[in-house]
Amino acid sequence: MTMLRRDLVKLGAGLSLLGTGWTARAQTPPTAPQPQQPKATAFSEDTVRDMARNLARSAYSPPPQSLPAPLSSLSFDQYRGITYNTDKALWRGQNLAFEVEFFPRGFLYRPRIEMHEVVDGQASAVPYDPDLFNYADPLLRTTDNVGFGGLRLRYAINTPGVMEEFAVFLGASYFRAIAKGQTYGLSARGFSNGTGDPRGEEFALFRAFWLEKPAPGADSLVVHALLDSPSVTGAFRFTIRPGDATVFDVQSSLFPRQDMAEAGLAPLTGMFYFDTNDHTRVNDWRPAAHDSEALQIWTGTAQQLYRPLANPTDLQFSAFADDGPQGFGLMQRKRAFADYQDLALNYEKRPSAWIEPIGHWGKGAIDLVEIPTPNEVNDNIVTFWRSERPLKAGQQYDYTYRITWGWDTPAPTHLARIGATRIGSVPGSENAQLFVIDFTGEPFVNCPPDTHFHLLPQSTQGTIRNVVVEANPPIHGWRAMFEFDPADAKAAELQVQLANDQGPISEKWMYRWTL
Numbered sequence: 001m002t003m004l005r006r007d008l009v010k011l012g013a014g015l016s017l018l019g020t021g022w023t024a025r026a027q028t029p030p031t032a033p034q035p036q037q038p039k040a041t042a043f044s045e046d047t048v049r050d051m052a053r054n055l056a057r058s059a060y061s062p063p064p065q066s067l068p069a070p071l072s073s074l075s076f077d078q079y080r081g082i083t084y085n086t087d088k089a090l091w092r093g094q095n096l097a098f099e100v101e102f103f104p105r106g107f108l109y110r111p112r113i114e115m116h117e118v119v120d121g122q123a124s125a126v127p128y129d130p131d132l133f134n135y136a137d138p139l140l141r142t143t144d145n146v147g148f149g150g151l152r153l154r155y156a157i158n159t160p161g162v163m164e165e166f167a168v169f170l171g172a173s174y175f176r177a178i179a180k181g182q183t184y185g186l187s188a189r190g191f192s193n194g195t196g197d198p199r200g201e202e203f204a205l206f207r208a209f210w211l212e213k214p215a216p217g218a219d220s221l222v223v224h225a226l227l228d229s230p231s232v233t234g235a236f237r238f239t240i241r242p243g244d245a246t247v248f249d250v251q252s253s254l255f256p257r258q259d260m261a262e263a264g265l266a267p268l269t270g271m272f273y274f275d276t277n278d279h280t281r282v283n284d285w286r287p288a289a290h291d292s293e294a295l296q297i298w299t300g301t302a303q304q305l306y307r308p309l310a311n312p313t314d315l316q317f318s319a320f321a322d323d324g325p326q327g328f329g330l331m332q333r334k335r336a337f338a339d340y341q342d343l344a345l346n347y348e349k350r351p352s353a354w355i356e357p358i359g360h361w362g363k364g365a366i367d368l369v370e371i372p373t374p375n376e377v378n379d380n381i382v383t384f385w386r387s388e389r390p391l392k393a394g395q396q397y398d399y400t401y402r403i404t405w406g407w408d409t410p411a412p413t414h415l416a417r418i419g420a421t422r423i424g425s426v427p428g429s430e431n432a433q434l435f436v437i438d439f440t441g442e443p444f445v446n447c448p449p450d451t452h453f454h455l456l457p458q459s460t461q462g463t464i465r466n467v468v469v470e471a472n473p474p475i476h477g478w479r480a481m482f483e484f485d486p487a488d489a490k491a492a493e494l495q496v497q498l499a500n501d502q503g504p505i506s507e508k509w510m511y512r513w514t515l
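At the far end of the sequence shown sits residue 515, using UniProt numbering, and the numbering has no gaps.
Check each hint, because a few of them may be wrong.
As the list claims (entries may be wrong) - Lysine-lysine pairs mimicking BS3-like chemistry, simulated, CA-CA at most 27 Å apart: (1) K363 x K392; (2) K363 x K508; (3) K180 x K213; (4) K180 x K88; (5) K213 x K39; (6) K349 x K334; (7) K213 x K88; (8) K334 x K213; (9) K349 x K180; (10) K180 x K334.
What the hints assert, rightly or not - What follows is a list of derived Cβ distance ranges for each label pair: (11) L434 x K88: 51 to 61 Å; (12) N54 x E201: 24 to 34 Å; (13) N283 x E114: 45 to 55 Å; (14) D398 x L343: 44 to 54 Å; (15) N283 x Q495: 29 to 39 Å; (16) E201 x R281: 23 to 33 Å; (17) L343 x N158: 11 to 21 Å; (18) Q495 x G300: 15 to 25 Å; (19) L434 x T460: 16 to 26 Å; (20) A156 x L456: 41 to 51 Å; (21) E442 x E114: 41 to 51 Å.
Calculated from the structure, these hints are not laboratory results.
Idealized CB from N, CA, C, for every residue including glycine.
Turn these sequences into a full structure, and let the hints guide you.
Set out below in structure tokens:
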């Protein structure tokens, strides 16, 4: 279920910049047929939902994937050499806050994705024209009506008057976004099914989009998408507001074609290669390499959980049962260059993504899937909400939620937070591990010198011993250290919280130790 990602991140972050200085070969390209004026049809808030409902009543039929010979076997370099002509962006020069550019088909993105513009309640197909693109290799230009593979959104997110890419919908039901000052990292998806299942995962596809033309002065953009797969169809409405935090308000309706027990709602997908908690099997000069360092959960009972990620030797599933979660996300807390030392990949600028359910989602679990990866090329982390009740064929399921792409959770906390997790060997012991956990945050502001904190540790297997809790002045926080002796255990679930005499004052640190 992993997908190549290091190059794919470049597609979102760099295709608009790559190839801008190419020199064409001395030849005249073929003349493209003049695109016909698209016919308009009525469009309302119910249009895509009605399409999805009707589509679910018939067997799955994928969109066209065949391509003309020049485009049928593109390499990555050839694909990224086909760049959109920014001067021809949708809504360019119309004094609007947003512009839209489109990706070509080819490479990993073969399905033809239908694109529509909605103006005053009327939807028209965005006409394809090969001259919307620049070609590093002019031989790849074809006059066939190839269509589009995805889209990118542009907005003056960093500098007034300078339009820049801030969000991309490309590949299956994947999409990603950034906030001001950030670079691309993790992705979201419309839906997941069978993630990590040995029988294989089904990747649903956004097969059509409708872009509502914004009014002059509007700082939000509405994008509709039609989801389709052998198991489910769906209608999605994204209200997108870029800025210091970029917010997607998502309204979704799902229509299963068949019963699904492994449906993943509001999935997030990222990469974790190594960090100070998981570095023993990686011979790498950098301190860390990851899009996200932890799964964070705010439960329905207002518990705040923090689970550092791992790159396991074997595929791992974790399920955090809950009733009506307040939120969850894949978080990137380390924000200094020194935390990663990577001049090219800028991990310190990767966004966190936080899912906030709107309304009560009932009983279920936040699932975490961690997949072994030998490098930082693969997406190997997935988290999503799984309802306690399977989704039934012929029914409609509505889920509304907010995704915040930014530097942290959208709401602050009064609890102490995990600043770092470090793990190493215990001298003189064959199996025991030393855990070092740093805490930072509000409880340590103006902390009296005689303040006393202690640790509340738990383990499902083995023994926790030699606990030490002490101030950590360089980070204006506190540090907890303990040894974990697994004895004969192959795996154990560990939990700790920092506490004072009145009770816990930190979020709950949770960790799966494996041999």
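(message) Going through the numbered hints above, which ones does this structure break? Give me the numbers in ascending order.
(response) The structure breaks only hint 8.
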